[in-house]
Each structure stands twice: as C-alpha cells, then as structure tokens.
Amino acid sequence: MASVPAVLQSEWTKIRTVSSTTWTLVSAFVVTVALSAALCALTKATFDDLSREEQFTFDPTLFSFSGMILGQLAMVVFGVLVVGTEYSSGMIRTSLAAVPQRATFLFSKIAVATALALVVGMATSFASFFIGQALLGEHRTTIGADNVLRAVIGGGLYMGLIALFSMAVATMLRSSILSLGILMPFFFLVSQILASVPKAKDVARYFPDQAGSKIMQVLPDAMGGNEAPYGPWGGLGIMVIWVVAALIGAYLVLKKRDA
Amino acid sequence: MRTPYGVRMIELDGLTKHFGSKVAVDHLSFQVRPGMVTGFLGPNGAGKSTTMRMMLDLDNPTSGNVRIDGKRYRELDEPLKYIGALLDAKAMHGGRSAYNNLLCLAQANRIPTARVDQVLDVVGLTPVARKKSKGFSLGMGQRLGIASALLGDPEILMFDEPVNGLDPEGIHWIRNLMKSLASEGRTIFVSSHLMSEMALTADHLIVIGQGKLLADTSMADFIHENSRSFVRLRSPQRERLREVLRESGLTAVEAGSGTVEIDGATTEELGELAARHQITLHELSSQRASLEEAFMQMTAGSVEYHAHGTSHAGPPSDQQPGPQWGQSYQSDKGA
Numbered sequence: 001m002a003s004v005p006a007v008l009q010s011e012w013t014k015i016r017t018v019s020s021t022t023w024t025l026v027s028a029f030v031v032t033v034a035l036s037a038a039l040c041a042l043t044k045a046t047f048d049d050l051s052r053e054e055q056f057t058f059d060p061t062l063f064s065f066s067g068m069i070l071g072q073l074a075m076v077v078f079g080v081l082v083v084g085t086e087y088s089s090g091m092i093r094t095s096l097a098a099v100p101q102r103a104t105f106l107f108s109k110i111a112v113a114t115a116l117a118l119v120v121g122m123a124t125s126f127a128s129f130f131i132g133q134a135l136l137g138e139h140r141t142t143i144g145a146d147n148v149l150r151a152v153i154g155g156g157l158y159m160g161l162i163a164l165f166s167m168a169v170a171t172m173l174r175s176s177i178l179s180l181g182i183l184m185p186f187f188f189l190v191s192q193i194l195a196s197v198p199k200a201k202d203v204a205r206y207f208p209d210q211a212g213s214k215i216m217q218v219l220p221d222a223m224g225g226n227e228a229p230y231g232p233w234g235g236l237g238i239m240v241i242w243v244v245a246a247l248i249g250a251y252l253v254l255k256k257r258d259a
Numbered sequence: 001m002r003t004p005y006g007v008r009m010i011e012l013d014g015l016t017k018h019f020g021s022k023v024a025v026d027h028l029s030f031q032v033r034p035g036m037v038t039g040f041l042g043p044n045g046a047g048k049s050t051t052m053r054m055m056l057d058l059d060n061p062t063s064g065n066v067r068i069d070g071k072r073y074r075e076l077d078e079p080l081k082y083i084g085a086l087l088d089a090k091a092m093h094g095g096r097s098a099y100n101n102l103l104c105l106a107q108a109n110r111i112p113t114a115r116v117d118q119v120l121d122v123v124g125l126t127p128v129a130r131k132k133s134k135g136f137s138l139g140m141g142q143r144l145g146i147a148s149a150l151l152g153d154p155e156i157l158m159f160d161e162p163v164n165g166l167d168p169e170g171i172h173w174i175r176n177l178m179k180s181l182a183s184e185g186r187t188i189f190v191s192s193h194l195m196s197e198m199a200l201t202a203d204h205l206i207v208i209g210q211g212k213l214l215a216d217t218s219m220a221d222f223i224h225e226n227s228r229s230f231v232r233l234r235s236p237q238r239e240r241l242r243e244v245l246r247e248s249g250l251t252a253v254e255a256g257s258g259t260v261e262i263d264g265a266t267t268e269e270l271g272e273l274a275a276r277h278q279i280t281l282h283e284l285s286s287q288r289a290s291l292e293e294a295f296m297q298m299t300a301g302s303v304e305y306h307a308h309g310t311s312h313a314g315p316p317s318d319q320q321p322g323p324q325w326g327q328s329y330q331s332d333k334g335a
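Protein sequences, first through last, are from chains A and B. Note that the working numbering has the first sequence beginning at 1, numbered continuously upward. Note that the working numbering has the second sequence beginning at 1, numbered continuously upward.
Warning: the hint list may mix true and false statements.
Said to hold, decoys possible - In silico DSS-like links for lysine-lysine, alpha-carbon gap of 27 Å or less:
no., chain 1, residue 1, chain 2, residue 2
1, A, K256, B, K71
2, A, K256, B, K22
3, B, K81, A, K256
4, A, K256, B, K212
5, A, K256, B, K90
6, A, K255, B, K22
7, B, K179, A, K255
If you're looking for bench data, these hints aren't it; they were derived computationally from the structure.
One chain only, chain B, in its complex shape (with noise of 0.2 Å):
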C-alpha cells in the first residue's frame, strides 16, 4: 500500500477559527512533510486540538483551509487508507470491545478483517481485544486509538498528546513507534504541550500560541538558537565578586539563593578570574536553559489560562530536556 497516493503532505492556508468572539485558530498557514516526525507544539488551549479536528474536517474552518495532497478531507475516499489519527482516547463505544470498535471502522473503509487483528498485537491489546472498551485504563484507551490510527496502513498519521496517560514503558513504546513509522517514509505529526517530549520525537517545529504561528523550523535549528549557556557562580563574597566581574566588563545576573548567572565567558575564565583576586567561590558551573524555558519565553505573551501566584518564564536554570517526567509537568502547570 505504499505511496500510491503522491507526497503525503498536508498544508495548511490561513485557517482560522473562531468560537463566537473568540479566536481560538488565527490564521495558520504551514506544512507538514513526509518521512519525518513533525512537532506541533504549543500551551494549553493554543489551538492544537481545534487545528487538528479542522485537518480531520471534524470542525468547520471559519476561513482558510486544509489539502492534503491537494483535497480536502471530505473528498478523501475511504481517509482511514490515508490519514490515521488518534484525537481523544475516549473516542470509543464503551459497550464495544475493543476488536468490533476497530471491526466497525475497518469495515466502513473496505480494510481487511484480519487487519484488525495485526493493529490490536501492533499496540499490544491482543489479549483484552474481546473486552469491553469501557473497562480501560487511560493508558489502554490510548493503545486502542493508535490501533484505530494505525489501521488503514495510512501515509499520514496523527497523534494529539500521545503520551498522555501512559506509563513510561509506553510512552517509551510511542516514541519509537513515530520514528519507526516516519523512518518507513510516512508523514507524523504529533501534539504535545511537553517541549522536552518534543525534543525527543520531532525532526520538526511548529509552536503554535493563541492560534498564531510562533515558530515553523526544524529540531536542530530552534536548540542551537534558543538552548543560551551560561555559567553560574556562588560565592560568600557577593559584593567583591560582582565588582570584579564588572571591572571586567561582564554583566552578571541576580538569580537567587546567593546566585549569579554570567553570559559570555566558560568556566576557566571565571574560575582564573575569581582566583587572581583570590575570591573564594563555592559554586562554578556550567549551565545549559532548557528548551522547555525557551518554549515556555517564546509562547509566554499567548498563555491564555496563567496560574496566580506561580513562577514566571523563570530564570534559567540547570532543568535539562530529557526524562524529567514530573518536572516538565510541573513547569508546564506553572506557565
């Protein structure tokens, strides 16, 4: 079933939706290329969803529209054998088990019976497939919909917050996956609200904020232009210490608890510096701003819901991406 269907792409021109007064997509126009994974990443309540379900012709554009490979949606016949997607884990019958869920689905885009039975072991459902669906954990939930997903061998695939609700082996599972299934040629875009998920996953950027385009450009690009290294330094001698770094010619940055962060010098430089005038320093390390402080700097004017109270875009600090599940989580809450 491959590529019998062109470029497997999907663009995007000027879509826009509003919701009475409210413009919850505005103006939207980008790509999504074939054969790699393509991020599509922004705050809670930027549009991402409302954007996705417009691909899917689930909701009605107020202006602009989306092709892929040049049609739209509705003109797709039989879109399961182009488009896979999982929007919500709950989008199920209960009362079905799993296998006629996807029976139902297969059958409505003339898709082989036996398919469903190779997507339910892809996803590792095999042995609850007879079960009732309403007896499923979140994590469950959301195997059945990549099932669903996965079905008619699509080139296109989509995920809107994939991870959600599984545990790290599956969240491990679903990134390889994505980098499987865009390795094979196929196109996958996939929604996170997580910057340090997307570094993981995506070859590509699109940061959506408010509905408004923030960033189109590729993984590599946005960490070298917004991953800043500084160095920090601690010392009992606060006073003498910035003294000596303004004398020479270094701005140093307040940043808490007896901190200071400098821009523009390595550690050697600093650790000499600090030695010639025999300061003594208690703290010199090298630090690298997570991306997610990048992300969280960049969409920080379009955070529609803010907590009071709680931090803001924040000084950087030593918050690596990477697995940091809890971390992420709770920086993300905090914006």
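Excised from the complex, chain A in its bound form (with noise of 0.2 Å):
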C-alpha cells in the first residue's frame, strides 16, 4: 500500500503550488469580512429603522456572519477547483498512476484541502465576528457570552464543510465547470429562494447550507428567521450527513469508473 504520509505530502505541494487556492482562500476570508463589517456599519446606523420585532430577536453574532452568503461561493470555488482541475488537465490519470488505490488517493487529497479551508473558514469566521462586534457599537455582544463562542466556532466549521461537500461534488460530476454551474447557483440562488418561500422553506430547511448555517446563530429562530425543527447542532448534524452522502459517492465513482 502507499503511503499515507507520502501521499499527503504530496498533495500538500499539489494544493501550494498553484495560484487558484491562494486566490480563492483569500477572496473566502476578505469578501466574508469586508462584507459583513459593511452591513454591521450600516445596521448600528439605521438600527431605529428595524421593526421592532427584528429589534427585539437581533443575534449580533449571526449578523457578524451576513457576508458569508457571498463569501462561501469562494470556498464552493476553492473546492471545486481542487478536485476538478485533476480532470480538466488530465493529471488524474498520472496521479492515479502514482497513486492507484483510490481510496488513499481520494482522502488524501479531501483530507489536506479540507484542512486548509478549515483553518482559513476559522480565520474568516473570527475575524468576522471581532470586526463585526467593534463596528455594532452598543449592539454589540462578547465572544465570552452564552452560546456565541459555539456560534463562531461553528461558523468556521460551516465553511469548511462547504468546502469539503464542494470536493465531493466535483469528484462525482468530474469536472469543475459543470460543478460550479451546479453548486453556485444552489447555494447563491436556489436555497436563499426557496428558504424564503412559504412552503417550500419546510423542504429549503433540510438543504446542507440552510441546516449547517444554524450554527451560526445564538438566538434560535433569530431576527424573525425560519423556526426549524432541529438546534445547532441538529442542524450541522444535516449538513455532515448531507457531506458524508456525497463523499461515499464521490468514492463509489472514483473507484468504479474509468479514468
């Protein structure tokens, strides 16, 4: 058998050694950030203009992660590009030839680029939060109180799992465009809509992104959002099943079809 710490070495120099996974981790990490500091600037400004019940349920927290919306896409981005680049230049078979258990192959590589967007999601998700705090002046809260370290760990957690859920699609589709084309418009478009359509939102609750961003919220049921049947961790629980579904499938085509 080859061996593991080879391989993930070896994919280490993959994953460092080409300029999209600087590009992508770092467009995660500053439009998440520069994101959310804008709309928490804007909301301690127009905070008297919220209703009062948006008042009375504001999670400062969650609110710290609302540029998450756009900057997940670059995670979804970072993971798909991982992957699907293998497939676009072919290198797959010369990596396969390397290394051709498939199995070993595979989690090294999701191992070392899931750790990677763990630690730049972890990054992003506390400095959203510190920037996010300092700019909501009186509405701010601290990271010492009830539930909010577990909401902005969570929040690092999240992103990381988008990007590990992204490897696993693209290694099933094989292709980063076709990928990207699927991904970007769910997770932008399609669970934002149906999340806000009333009967849909009962089906929109139980997708990966919806379920997992619970996380991220201290008060349930925050600003006047979805009441779901399930807490945090219920919800981030949805999320890993839904990445663990997707990663037995990425293995399964990986190891059945040709390459």
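Taking the hints as your guide, dock the two standalone chains into a single complex.
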C-alpha cells in the first residue's frame, strides 16, 4: 500500500503550487469579513429603522457573519478546483498511476484541502465576529456570552464543510465547470429563494447550507428567521450527513469509473 | 535500484474491454519481455491506448487481467518505481511548473527530490523547469511526460505514441533513449501507428486491430515474412511484353502508369528475357514492399475509420521503411 504520509505530502505540494488556492481562499476571507463589516456598520447607523420584532430578536453574532453568503461561494470554488483541475488537466491519470489505491488518493487529497479550508474558515469566522462586534457599537455581544463561542467556531466549521461538500460533488461530476454550474446557483440562489417561500422552506431547511448555518445563530430563530425543528448541532449534523453521502458517492464514482 | 523485482514481465490474459456494445479490446493475451523494446502497433482506434490504460489500472477491464511480475497494478507498492508510463503529453497541471508537477509525483512514491532535477536534465527541460507547463509546446509536454515516466528509475517503461509532436531531433533522441533503456535490461513497451517507426526501434512486435491480436512476432521474422520483393518493368511495347512474360510462365500484375510488376524473377533474368525478344524497356527495377504496406494489409480488415475515396491497401511501391515521416503519415491517413 502506498504510504499515506507520502501521499499527504504530495497533495500538500499540489495545493500550494497552484495559484487558484491562494486567490480562492483569500477571496473567501476578504469577501466575508469586508461584507460583514460593511453590513454591521450600516445596521448600527440604521438600527432604529428596524421593526420592533427584528430589534427584539437581533442576533449580533449571526449578523456579523452576513458576508458569508457571498464568501462561501469562494470556498465552493476552492473545493471544486482542488478536485476539478485534476480532471480538466488530465493530471488525474498521472496521479492515479502514482497512487492507484483510490481511497488513499481521494481521502488524502480531501483531508489536506479540508484542513486548509478549515483553518481559513476559522480565521474568517473569528475575524468577521470581532470586526463586526466592534462596528456594532452598543448592539454588540462578546465572545464570552452564552453560546457565542459555539456560533463562531461553528462558522469556521461551516465554511470547511462547504468546501468539503464541493470537493465531493466535483469528484462525482468530474468537471469544474459542471460542478460550479450546479453548486454556485444552488447555494447563492435556489437555496436562498426556497428558504423564503412559505411551503418550500419546509424542504429547504434540510438543504446542507440552510441546516448547517443554524450553528451560527446564538438566539434560536433569530431575526424573524425560520423556526427550525432542529437545534444548532442538529443542523450541523444534517449538513454532515449530506457531506458524508457526497463523499461515499465520490469514492464509488472514482472506484468504479474509468479514469 | 536494479532488479530487485524479479523478472519485470507484463502479462495480459484474455484482456477485454467493452464500451457499451462496442468491443474496444477483445481477449488480448500476450507477454512483454524484459531487455528489449516491444512495439505495440495498430491503426488509430485499434485499442492500443485503452489496453495501456488497463495495464495501469486506470480503466477497469470487462474481463481478463494484467499482471506485472504476477501482481495487479493496484497491488504495487509505490508503482512509479516499477513502471513508468507516458500516456498523454498533457496529463499535467498547466498552472504548475514542470519541477512542481514532477515533485508531487516524486513525493507520492517517496522518490528522492534530487531525482526530479536529474530527470529534467535527462529530457533537456532544465532551462524551463520553473516555468508553468501550460506554456509548453507539444514536444516539451512530451518530454515532461517522459521525465515523469523515468522519475522512479523503473524497470518497466511504457510509452503511448512517444514521437507524436516531436521534431526530428526529438524523434532521434527518443529512439536512442528507448534503445539505451532496453540495453540496460529494462522492459520497454511502446505503441505507435507507424510501422516505419517500429521498424527502427522495436525488437519485438505486437500488432492489434479492432482490439484483437493480429501478430506477436520478433521484428526480424516480421520483416522476413512481410517484405515481398519484386521487379518493376515499364515498356512502350506493353502487349508484346505481356505476351513474352506469359510464354515464360511469369505472372505480371498491372500496376498503373504503364508499369507491370513481376514476382519470382530477378532483374537479370527479366533484362535478358527482354533483350532476347528485342523489347525496349524504360524501366527495370528491383522493388521491395514496405513494412508499412505489410502492416496495412494485415490490418486492412480491421481498420475502424476508413477515409473515403483514397487508396486501398495498395499496390506495392518503392516506399522503404525509413525516415520518410510525411509519407508514412500520409499513407497511414489513407488507410
């Protein structure tokens, strides 16, 4: 069997020697933090214009992650490109000739990329939180308050899982373009729109992003949001189920299909 | 790193691959032996690349199997140290430098990093080692692919159409490289659709057509059996010439533009025969059918993509196996 540490090292070299890694991860960080900060600053200035209900259930922690709706798309691109470029370049055949054990190859690649996405996700989440709270002024919360640390760590986990889910989908579809064409509209439009349509939201709340993002709420059903039949960890659990299912699919496709 | 791995033999046993209802590879069984260059010849679409991908466990066979020193490819520990393969030149990430592309592969199989610089030097890519490989020409890409094949200093090397995209100097280089690797006792397996290329490099020949084995023979035997020699005559007195030949019991075949071709007689005999009957000859020449034509005749029934309106397997001509690249390419296209 191939040596796992050797394959991990090889996959790390692959990730650090392509420029897409840097620009996608930097974008995920910058877009999330900058957009969250802007929205926090805007909200502080216009807080009195919010409805009474919104003011009453205002969740400063969740609000400081507002930019993640856009920033997560860069994570999707990162995850898709890590796997997709193997296929678009034809490198996959060279890679599998070097590491013919499909599970070792796939899970080493995914482990390295997910670890990196988690580190960047955590940095993004903590930076968004602290900068956002600083800008919210008197409406802010603190990291020591009940459930806040869980929500901030959850934000990092969420971003890592989004990247991981994207890698698994790209392995199943074996194409960057196809994967982006499905995942980007899904996370940015379909899921967001369905979540605000009365009947559809009963289904949409079980989508990976809708369920997973529950972990970032400190107040349950904050800001007039959905009343979900699951808690923060339950929501993250649903997202993990999606990810595990996608990973199983990815492994089976890689094992069964010709490279 | 020489010979710790036994006999370095590749064995195919009933290897078969179906794509839907199409049979790409049909019960192929043969062995590739060490210490020589084995040519793997077949027209485009004959199943050469599919066979090679199955040898590397990239494609799953429908039935049958491939053993490398008795093992499946997937069972090899750090396979680049056993087998190096060039499948297609562009099988690298274009955004990564040549050096880094090779470094990833070296690390995966615990090959010392110093070896990366060594193989880049062997293929002559040292000056562009730090350049992104997407800017490479086809020839440079081919050299990078060959460098990746040599990386693990393997006992078995497989090259799929290695001369594609190489300039004459590059073609000369790869031929010598294959010969010197074989002379070190390594197993070399190289595919081509050009008989002329095989005649120059291969010691042993495996010919396939439509996925079936057509020949498994030494190069010397193939040449001996397939290069028919004959004499070509051209005369303004065609009717008279034909009559005389018939009377002498010789069969003449019309070969177009006023020439006839005769088997089983020497130029001396035919020259004297013509002189005795006072027939004027404009041409009297000894000819040898090219191996390319022997190959085309062998695979004639199994060529998948016929061009319309071009030549059939053809009358013998004076085309010799040799460095006539354009011509060989043309005749291959015609098939």
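Comparing the hints with the structure gives:
no. : hint            : result
1   : K256/A - K71/B  : 20 Å, holds
2   : K256/A - K22/B  : 19 Å, holds
3   : K81/B - K256/A  : 25 Å, holds
4   : K256/A - K212/B : 25 Å, holds
5   : K256/A - K90/B  : 24 Å, holds
6   : K255/A - K22/B  : 22 Å, holds
7   : K179/B - K255/A : 36 Å, violated
Of the numbered hints listed earlier, the single one contradicted by the structure is hint 7.
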